[in-house]
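Residue numbers (this note's numbering), protein chains in the order written: chain V, 574 to 738; chain F, 574 to 738; chain U, 111 to 597; chain B, 111 to 597.
Source of the hints: derived by calculation from the structure; they are not laboratory data. All values derive from a computational prediction rather than experimental measurement. Among the clues, some could well be false.
Said to hold, decoys possible - Simulated pairs of lysine-lysine, DSBU-like, Cα-Cα distance not exceeding 35 Å:
1) B:K307 <-> B:K256
2) U:K432 <-> B:K432
3) U:K307 <-> U:K251
4) B:K307 <-> B:K251
5) B:K307 <-> F:K718
6) V:K718 <-> V:K679
7) F:K679 <-> B:K432
8) F:K679 <-> F:K718
9) U:K432 <-> V:K679
10) V:K679 <-> U:K307
11) U:K307 <-> U:K256
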Amino acid sequence: METRLRIGDRTLVVTLDADTARVDDRTLAVVRPEPGPVTTTGGWTVEDMTVTVDGRPRRAVVARRSDRVLVSLDGRVHAFALGDAERRAAGGGAGSGSVTAPMPGKVVRVLVAVGDVVETGQALVVLEAMKMETTLAAEVAGTVKAVHAEAGGMVDAGAVIVEIA
Amino acid sequence: METRLRIGDRTLVVTLDADTARVDDRTLAVVRPEPGPVTTTGGWTVEDMTVTVDGRPRRAVVARRSDRVLVSLDGRVHAFALGDAERRAAGGGAGSGSVTAPMPGKVVRVLVAVGDVVETGQALVVLEAMKMETTLAAEVAGTVKAVHAEAGGMVDAGAVIVEIA
Amino acid sequence: MRSVLIANRGEIAVRVARACREQGLTTVAVYSEVDRDAPHVRAADRAVCIGPAPARESYLRTEALLDAARTAGADAVHPGYGFFSENAAFARAVQEAGLTWIGPPPDAIAIMGDKLAARETAGRAGVPLVPGAEIDAGNAKAVAAKIGYPILVKAAAGGGGKGMRTVASEAELDEALAAAGREAASAFADGRVYLEKLLLRPRHVEVQVLGDTHGTLVHLGERECSVQRRHQKVVEETPCPVMTDALRTRMTDAALAAARAVNYVSTGTVEFLLDERGEFYFLEMNTRLQVEHPVTEWVTGIDLVHAQLRVARGEPLGFTQKDVRFRGHAIEVRLCAEDPAASFFPSAGPIVALREPQGPWVRVDSGIAQGFTVPVEYDPLLSKLSAWGEDRATAARRLWHALRDTAVLGPTTNLAFLQDVIAHEAFLRGETHTGFLGEHFPAWRSGDDDAAAVAAAIALTRPAASTGATTTAAPSPFETLGRWRLA
Amino acid sequence: MRSVLIANRGEIAVRVARACREQGLTTVAVYSEVDRDAPHVRAADRAVCIGPAPARESYLRTEALLDAARTAGADAVHPGYGFFSENAAFARAVQEAGLTWIGPPPDAIAIMGDKLAARETAGRAGVPLVPGAEIDAGNAKAVAAKIGYPILVKAAAGGGGKGMRTVASEAELDEALAAAGREAASAFADGRVYLEKLLLRPRHVEVQVLGDTHGTLVHLGERECSVQRRHQKVVEETPCPVMTDALRTRMTDAALAAARAVNYVSTGTVEFLLDERGEFYFLEMNTRLQVEHPVTEWVTGIDLVHAQLRVARGEPLGFTQKDVRFRGHAIEVRLCAEDPAASFFPSAGPIVALREPQGPWVRVDSGIAQGFTVPVEYDPLLSKLSAWGEDRATAARRLWHALRDTAVLGPTTNLAFLQDVIAHEAFLRGETHTGFLGEHFPAWRSGDDDAAAVAAAIALTRPAASTGATTTAAPSPFETLGRWRLA
């Protein structure tokens, strides 16, 4: 069976068989792990797995939720999403006219108003989160159609703050 | 509701209320913990809990199975069993004429035979487990009624090896 | 002194609690409503809730902290770093409440906490200064032009990189002044800023000092903390890779002179910029325990928190400068909840999984636990990982492997970035300066396609048999993948 | 040398793997069928199954180990401790297969591995010996009578307390000879035993030596390991609390003389008994890395496994005796799966929960993980916990708190017992001898009724809200306790 996994802006096509995994055009020998302790926390299921890939035991921590898998391997986290879910989540992502708050924070200043013409990279809103100020910039050029934030207000993660078209 | 917990050769009577626990005749103020990660492993459910008892936050690791609870508190493990289960488990315990293997091991030597009269403390069987020899001794005086082991054989944990009456 | 209230949170509160209990002192943790389940609460003997999540309503409320001390019977207060650690008014309030302040004299905090007074004091003590000046409303452009761009805007009350901005030219000055002022006001309740000449490719080198109330004042060598991002230290080490005996003598003499000028007691750090010609300039003095104190502890074997406690009790240090010996090399990195591939935007939320490294000469100062939710209200620092080695290369390799043994699932962290930084050949050659990250990591990506392919295979692989865990949730796509379905 | 096969399991295999990777070497783990999921397998780059659970069918099979090395491309073998570490035939087989043996010369192993030859060699080198003698079939009683009771029966091929028995009087001699012979045959495939005078209240003090192939041989100070049970060390520390400079000079000179007598290379330990008058006697030389090597690493800053690897590659140590410096005090305890309240009967089975301590100057060398099943086939050693401090009292308190931070649920362990041992006032006064446990802990119980009551309350307390975890099993009594029922 073929599964499409999205990671960042890439899509990997993975086909699992009894003892191999094809990832794009690469074939890996995979020895399935023994079951170990399973931890559930906040909707996630976490397993420590030793998966032998191409003869090398790889120790991974894997966290699963309905539509996402996080794999920690050799100190790096690989965050995967299944096709559709990822496309939804990425809706406000790279190159989009919808500028979203990447995490909850306080709006320090709003630098544009509806009707303004903005360039790619232009500063739109200054957010403060975890004691640091960060500037959200336009990812596309265009005209500001809506601003859903005001200075001093709070925004949730993923909230659309500015719409450009 | 009253629950009887057996620990070693003692029984504790515990009554829980919304914010207190009575253990025997002692009353403790208990603040219930927030839920945290739950790990399941080999039939056990494990939780890290910070339970505030008499105003002091106590950090415990609690493992539960159907009839047993293990509580690790300040580097000490308290192993509890609910009444009946514990009585069953304790059947071959202190002062019993049934001598059981405390863990799986190899029988090195059998020192008594059916019909032998034995004293309390007399060596009955030598077991080898985890590279160490250990001698199982009679907990009661009496006559050996049965011997369920032979030199060179393996015994399981809890198996009755010698019966004395 | 029998019971210490720790007016802080996170890894430093845990670390202080450990030192206290090792001296037979009981500890009182304070926590805001979102920190109820935090590791620093679990590490203490008592815990008192002091208010809602925002620091100004909890960790920065003097009365709440003093009330907590009274309630829990604490007779001393340790401030950790950040929050009230460099607030002279708080230190005085603690003392006026009849409690022992575990830190330097409030007057020393006050002088060194005002960056302008600190410059003046250090200058009078003969310590070399970076060219710079105060500003008032209206003269900023003129002063900046006189010093010459690039310049640095710094908070008068600041520290830790907050309320600080680099300005390359006059066009950027107004916005930088406004931003730094806002950050300073938010972090220190004092929005004053001043200007300083920006040195090119300097190293950040600082000297740890330690004094008692009996007149002993020693240095514990230097630390280099050049690998910074927006003036937040990322990697710290000791010794400084380019240190010489002669330079160390000059620099530690200058640090001790600055400390003596304010009758310093307890732990403190005198920060310098070291330029490529080997000249150094006073930057500021941090009148507290430093985040990066573990590397000094590794090489000297001196427990700085134990020393703070002894000094606060009025005991002599028990050793002098000649007893301080340095052994080997130590490196620390700061594990933060931030995304190095997205402008280091801070991250937050529940720690879904946490695996921390162990082994010889590896130290973890952790402020998180699996299941704990990293709040959005505080610093993104999650934990510090440090390693010691006989030499710098060994320490770096050991730390790199320890980082690879680490797993944090949940908030995005800089874990992989840290690995790449300390494995970078310029870092391994010791070629560090405050622009190191901008020069070598202008746009970092965790770019290991091979690992991603392996991870993808692992993501879909399930154990060979049932694990005994079942959930009542609808089966996820990961549980219905044909023959890989969970048995 | 590029790839090292580690012919061992448990914590030592993990520790060796860490050192190898820090030197850029890849590692090959071997495992028996019950160790498939063991931490030492996860710590390596490659892993090869070498047979069924019993050690004689896996970890003690020369051909299987050499095959694994060939299969996985290893060009060197590290034996750890135990198993084949002191087996000269195995060391020679490794060398004859063209692989590098990471350990002392096989001839040194052979001589020191034969306790009788070792006594003779040490005696010729001028090292004081405990009165003792060989026996043959039939003359045991006569020899024992001549030495005088109490005596000790020891395995000629032995080590680590296996095949050893104390005999108080002639009546116990036959059974002791038989038991020791059986244990020795089982552990070392050599059932020969000999007799030694049993000293009263001696301390076990040993000297770590380290040599290279260029003629450098140094000592790294002593360790005291008097707290033993049935000749298995339980607590180890350095320095020895009663050590003086003069005694250390005499003892380390003796140790170096013994090592030189067998042209020693790599790490080795010369064990002595130190009596109450300050006289010491040669016990044996262990020609391997010692379990308790971390305490020496703490105080000297010398990584013994790194040193073994360098020496095996033919490199010089790079330092001499005068470069070896000692700092502070370190104590280690051995966490074992055994029940100290039931004659230390070994325990086994799955690790249901594991929480290991962390923090400054605390080290955990762990061979277990949550979910791993401790096999019945091997040593009960689970992990080693050690702490360093500026002085002995600090190290002891730090280690005690680290033990209290530890949790192991599943097999019964000696964790609480260890806490009570290192908190015992006789231990804290440094009044240790090989009969310490028998004298002070003849029948230990974890007797804290107050804690049991608190634990009972916690046992029945459930979190305030659902945790999101559900199981398909029938509700247990703990889930149906009235209002405490899981929501």
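Status of each hint after checking the structure:
no. : hint              : verdict
1   : B:K307 <-> B:K256 : holds, 10 Å
2   : U:K432 <-> B:K432 : holds, 19 Å
3   : U:K307 <-> U:K251 : holds, 13 Å
4   : B:K307 <-> B:K251 : holds, 13 Å
5   : B:K307 <-> F:K718 : violated, 42 Å
6   : V:K718 <-> V:K679 : holds, 22 Å
7   : F:K679 <-> B:K432 : violated, 52 Å
8   : F:K679 <-> F:K718 : holds, 22 Å
9   : U:K432 <-> V:K679 : violated, 51 Å
10  : V:K679 <-> U:K307 : holds, 32 Å
11  : U:K307 <-> U:K256 : holds, 10 Å
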